[in-house]
Every structure is written in C-alpha cells, then in structure tokens.
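Q: Just so you know, the sequences run in chain order A and B.
Quick note: the first sequence, position 176, residue 382 per our numbering, numbers continuous.
Quick note: the second sequence, position 86, residue 87 per our numbering, numbers continuous.
What the hints contain is simulated information worked out from the structure, not anything from laboratory work.
Worth double-checking, as some hints may not be accurate.
[Unchecked claim] Straight-line C-alpha distance at most 20 Å; calculated EDC-like pairs for lysine to aspartate or glutamate:
1. Lys247/A / Glu402/A
2. Lys643/A / Glu343/B
3. Lys569/A / Glu164/B
4. Lys131/B / Glu402/A
5. Lys248/B / Glu128/B
6. Lys520/A / Glu343/B
7. Lys679/A / Glu128/B
In this text, all values refer to a predicted model and were calculated from it rather than measured experimentally.
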Amino acid sequence: MAKIPTPEELSNISFQPPAKGWMDTKPEFKEGCYCNAASPKWLEWLDYPYPRNWSVRDEDWKLPANWKEILLEGFDERLGRFRTLKLFMDICVRCGACADKCQFFIGSGDPKNMPVLRAELMRSIYRRYFTTAGKVLGKLAGARPLTEDVIKEWYYYLYQCSECRRCSVFCPYGIDMADLTILGRELLSSIGLNIEWTMASVGSCYETVGHIGATPQAYKDMIDFFAEENERVTGVYTNVTYNRKGAEILFIVPSGDYFADPGTFNYMGYLLLFEYLGLDYTISTYAAEGGNFGYFMSHEMGKRLNAKFYEEAKRLGVKWILGGECGHMWRVCNQYMSTWNGPADFLEEPVSPITGTKFENAKNHKMVHISEFTADLIKHGKLKLDPSRNAHIKLTYHDSCNPSRAMGLFEEPRYIIRNVVPEGNFIEMPSNTIREKTFCCGSGSGFNGDEYLEMRFRGGFPRANAVRYVRDKYGVNHLACICAIDRAVFPPLLDYWVPGMDVIGVSEMVGNALVFPNEIERTTDLRDRPLVGCEEAEEEEGGEIE
Amino acid sequence: MTDFFKLHFFIPLGIVLALIIIPYVGYMANQQLVLAVVIPYLAVLIFLEGLIYRVIKWARSPVPFRIPTTCAQNRSLPWIKKSIGEKLDNPETTLQVIGRMALEVLFFRSLFRNLTTKLRRPADHPEDAKLYYWSYKWLWLGAIAFHYTFLIVLLRHLRFFTETTPGFVQTIEHVDGWFQIFQPTVYLTGIILLAALTYLLLRRVYNPNMRYISLASDYFPLFLIMAIGTTGILMRYFFKVDITAVKQLALGLVTFKPTVPAGIGVIFYIHLFLVSVLFMYFPFSKLLHMAGVFLSPTRNLANNNRWVRHINPWNYPVKFHPYIEHENKYRQAMKEVGLPVEKE
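All chains should be built: construct the whole structure from the sequences, respecting the hints.
A: The following block contains the structure:
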C-alpha cells in the first residue's frame, strides 16, 4: 500500500491549474489516488462484459477491439433514455458555481475535480460525436476525439466523484454530477472497466448474504452474538427471528451494521429497540444487504440487487419494510425502488403497530426509515429513555449525502438525538457544512478500498475540518451519523485528520438510553465503556478480575 | 497564457469584430434591404424553429427516474412542520414545484446559495489548515443584474414595434430613466447591463480556474452582447440615428410590410445585424439554458416517490438472484442452524 502523506503535507493544496490546457493534460495515476481494476471473476459471476486481468498502471488496458463503437453506441442510447444526460450535456454555462463545492476539488485542488470540468470530460465527447458544431469546429467548440487517454481520464475522475450531489444544490440548472457519473461509469462498464471494491461487493451481494460474502449461518451467528452481547450489557436478551413467514415487518439493514465496529453497536441498538417494543419483525438471510453497491456501477445493477427487497417481502408475506440507517440505500429506496421493482401492491401502507401512526409519506414504496419510526415512538412517549447514559457522548451530527440531498431526512435523526443525549451534548457543525450543504465522508459510491486512502482522505478533508472545528471549540468527542459507509470510513478518516473522535450510529445511542423494566444495573454503554458516574465501579470490577 | 485560452478567447473576439465589419461593408454596398429585412426575418425564423426543435429534442428523451435534489426536509411525520422556504426547497406538490421553479427562474435561487471556500494554512502552523466558507453573492448579483437589465432593455425596444407605446413600456422607461440629469435621458439599465457583462467577463479571465474551464462558447456570447449593448448606447447617445425612420422600419417588419426608409445611419445596421446573429446563435448554444432550466429533472419534479409511484417508460426486466437459488445454495447449512427453508 502506498505511503500516505502526513496531514500537514496533504493539506498543502494548490488551487492553481496546470499551465497546459485541460485537453492536453493527462491524468497521473498516483498511488493512493485511483481505484484498482476489477478482477475477472466478479465480472464472470455477474455476466458483465470483457472480464480480463488488467491493471490501471499498465499502458495497455486491454480494451475490446471495438471499444469506441460500443462506448459511442452506449452514449447515444443513454441520450435517448435519460433526459438528464441530454439536458446536462447542453445547458451548462460554466459559471463555476459548483467548482469549490466539491470536496474532491477542495481536497485535491485538481481542476478536473471541479464538477463543471468533470462533466466537460464527458461533454467534450458528446460535442464531438453528437453535435454539428463539435463535428465541424472540433476543439474550438469544446470537442475532442475519443481516445484511450480520454477513457483513462474518465476512469480516474468518475471515480473521484462520490455521487454526493453537493454541486447539484448550487447549480442554477440543477445539473446533477451524480447522474452523469453513474451514466459515465455505466459506459466504462460497457467496455470492461470496473473497480475492484465495488465489483467484489456487488458480486458478493448478488449471490451471498452481504457485501462481505457471508453465508446465512455466519450471518445468523453474528446477529445472535449481538443478542448475547445485549444480554450481557443490559440483562435483556434480544430475540431475533430469521426468514420468518407471516411477520408484520421485514427489517433490512446495510451489511456494514453487522460486520464491523462501530456499525455492530448500532445493530445492537436496533435489536434493543425492537425487543423493548415487542415488535413483530423478521430479518432475512436473502434480502440481507440494504446497501446497494450495484447502484455505484449502473442503474441496471442497482435494480438487480434491489429486486431482492420486494421479492423477499412478498415471499415472507410481511406487511411492510423497515429500513436501517444507510445512506445510498435510502437514495435507492426513495428515488428508484418502486420505479424499478414496484408496484409493491402486495404490501400494506405502513402503520406503526405501537403508536398507530400511518406513514402516509411511504404509502407507495411501503418502506419506513428507522429514524422516522423511532422519532414517532419518542414523540408518542412510547420509550422510556435515560439520556444520562449518553452523557459521555458529546456529539455532532453528520448529514449523510444521500438522505440529505436525495430524500430530505434532516429533522428525524436530530429529534432522536436531542431525546437520547443530555441537553447541551449535541453541537451542530458550521451551517455551511451540514444539512443540504453537507460534505461527503470522501468514500461514498464505492471508494472503501484501502488502495484509495489518499484520495479518500483528500475528499474527506472538508468534513473532517468541520468536525475539528467543533472538537476544538466545544470539546465534541463523537461524530454521529445514519449511514453505514460513514461508520466504516470515518474512523480512519478522523484518526488521520482529527484524532480522538469516535463514530456512532443514532440507533446505538437509542440502545444506550432505553430503560427496560427488567434490565440489570447499567454501568457501561453498548461498547463496554463506563457510563458517567460508573468509571470507578468499572475500575474496581476490572481490579477484581485481575 | 495557454494556447487553450488564446484559442477560446481571441477567436470569438475576432469573430465578433468581423460581425461588426460585415454590416458596415453591406451598408457601404447598399445592401440595406438584406441587412434590415432578409437577415432579421431569417434570424427570427431560425430562433423560433431552433428553439422548438431543441426543446422537442430534449423532451423526446424520457425522465426514467424522479430525482429531485432535495434541499430541505422532506414530508415526514405530521408534527415535523416545514416552513414555506423548506416546501419550496423540497417540494411535495405540483404547486410547490411551480414555486420552486419560479424562485429558480425569477430569482436564481440555487445561485443565491453560492459560497466561496478558502483554505487558510498559517505559515508557522501548517498543521492548522482550516477551511472557511463565506456566502458569496457577487456571481448571483452579476447574473441577476445582467439578465434583468437585458430583459428591460428588450422590453424598452417594444416602443419601436408598436404604433402607440404600451403603458408598461412607458412605465419601464420612466423608472429606468429616473436619473434625468442628461439629455437625452440616460437609461440606467444600459449601463448596468454593460457593467454586469464586464464583471462576468473579467471573472472568467482573471480567476485561474474559470479561465481554465472557459470555452469559446462562453466568451462569444459575452462579446456579442457587449457589442450589441455598446452599439445601442453609441446610437442613443452619440451617433444618433433617425428614430422615426427606425420605428417605420420596425413596424414594417412586424406587420409583414417591410420597407427600408432612407437615411438610417450605419451604426443601426451594425446593431441590428448583431442582434440577428444573437437570435440565430441562441438555439444552438449554451444560451439555451433559458429553456433548459424548465426541463431540469432535479428541479421540476416533486420529491414524492415514497407516496406516488414514478413510471419509467423503458423499464425492462433484469436478471436477479431469486430466493430459491439462495436456498438451494445454502439449504443444508440453513437447516443445521435452524433457519426456515421452503423445501426440506
């Protein structure tokens, strides 16, 4: 793995563009700043075209002989299918409002990470092959021929866009770079160019239980372990049923919440909440992955993975689906699921069995977000909560890109947080870095690969910088979020830029605060950290064991 | 100065200069009829046909997914109230979408959000690099100033195309000319228009990243509209032309009884020719954002996917991994750990 520069070196960012024009500047595939090529086995697994061994650093990417034809035909086809593509190719005025809104530009200074120029990488090809001016005037019309270098450039920069949509908030025409990135990546896929991390995750999600390739038995083992852990910490064993037909609710979470800390603590929080409520729910070993890594490759692959949700809901005969804390899963569930795989007419309009609240806002896709569900419970006074059990947590809240800019989920998690932590423990980051203006963690849309750490740290720099601000000013020690990728990638990012910060899911804090009638005396939180006022007891206990 | 900049800056500049010379030569060669009748008619024809053609071309591509950019709270639990502003930034209904679009088109809502980002890295504490964000309204102001003054100037020209000047045009002229210390009345809009254009041009040239991304198609309309504004101002205040004759010509054009009155100065023909070029260029350029903004799927749709299903006209069945294959693969192991199965 490449050596990562120090934070001091990495923050030395020049915003001066190169002396040569952008059409004459080739990308430099610097270690730590590009995603590895996908290995052929995943492509074969998924019937994806042109599986082969190739490497990004190689001169020859072993493209199919007629790659140019395939790509241009694919472009043409998408122009006919997506008004977004056609429109966004034509109407950009290059006003530059998007430029310093992209965390990858802010973190790298590379002008091709200005969304406007990233889009121009595609527009220049569009002009050359699909507009008269571009065909006749060439470079003067901002057009250029499609070459292998152009493809390499697309690969490099379309995988430096995390599809976060921050630029789209500021664009006077709403040009959505995320949409262009998805379509551009589809075109790259069509000539056999995919990234390893995403492809491996998609392959695993497709045939196994989740993106890490777990088996159903291993999956059950992990969740059962959380139930035991809950019992150890709280005295309450949290019953779980798997693939149970006739349950009222199917619960789907991203696999990040069951395979690695700190997501696992969030899972424990979910289980505690459901046990507290006596909720009639089940989880599935088939629709076991909420995260949709296919969406990072193509619309089609997104649909192929998402199909499992409704398939399983139908097979089990549940009434509706409850979704865990995940970012892009919710973009997919909000903006694509019912269009792709609906109508979900075999499900019922979701109703909270505890409060009787009808989730009328979800009556089409029949899926409720755990934060809505929990906020509704708190509002109706159905949960006995002891915020002092989160007194050791002084937190700020990170709005994840997708629930923010592709859904509008802002108030529900905040409402929960205010009810589960002591007053004064929740501090917002500066207003230009939260809500619809939130920054990406720098690793969304398939950038979890370790080979990509430098670029992840660059892309995550603005977010980390805002976190540092509230740490230094208010002594914030936790970053809360409702996204599994956040929970996976923030720990290394914050260790790098803002050491001493912990990352925590909102449901984990709910689990900490929930007061069960039959619980044992709680001296620690779900992570075995002593509660405020119990530090000594912990030490004594520790002493005894020694 | 990069070659890229030279190409994209100087060629459009040269073209606009050439576009000034052409009508001058035409005028000298007594081609007034062509300049004042044939070309303007052609320009309007191309403008209208081009505009319709382009909009239809966009509209022919479907909107497969409903993907509004949500810039505020979505519809949620009944007790989570949304302000009017939030309703317009994340619309739930058609009415709210119309509101959002109106804000976007009339007030450039999204551009109004604009921020500037600065990285400050103290030389003695480089580890203390900090990012700062400020509200940055200059671009918004420049854009608003340009678009609205351009519109007002256009509306003021209606006086030439109507027998009696409409009341609203008179009102506009009155307000526009409140600054009555010179004779003839100085219209502020003309000056603001040129000032705004100059700002928009200078930021392209002086900001290194703006210069890096700017294309000929960005400079050309700026130069062209600046030339139009300048010739207009020159004609009004300095090289005066026979206004009555101009009005006679304009009226002739709109009533389809074109006549070319004698004695209109060359500056008028230059002005008219540049306007004609702008009309012809419009449908094939980025200027079409005027129409495109209305069609933008991230702005013109309600964020109501969760309660109203959006239909994709080309939705096709895909191959997915069915449950039974999952069970077939793991049946034995599932049974061993007590997971229910379909087939024993």
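Q: Now tell me, hint by hint, if it's right for this structure.
A: Taking the hints in turn, this is what the structure says about them:
About 10 Å separates the Cα atoms of lysine 247/A and glutamate 402/A, which keeps this hinted pair within 20 Å; it holds. Annotation: proposed proximity of lysine 643/A to glutamate 343/B is violated, straight-line Cα distance about 47 Å (limit 20 Å). For a cut-off of 20 Å, the pair hint linking lysine 569/A to glutamate 164/B is broken: about 59 Å separates their Cα positions. For the hint linking lysine 131/B to glutamate 402/A, the alpha-carbon distance of about 34 Å lies beyond 20 Å, and the restraint is violated.
With a CA separation close to 68 Å, the supplied pair lysine 248/B and glutamate 128/B exceeds the 20 Å bound. Distance check on the hinted pair: lysine 520/A and glutamate 343/B sit about 14 Å apart at the alpha-carbon level, within 20 Å; holds. Straight-line distance between C-alpha atoms of lysine 679/A and glutamate 128/B comes to about 17 Å, which keeps the hinted pair within the 20 Å bound.
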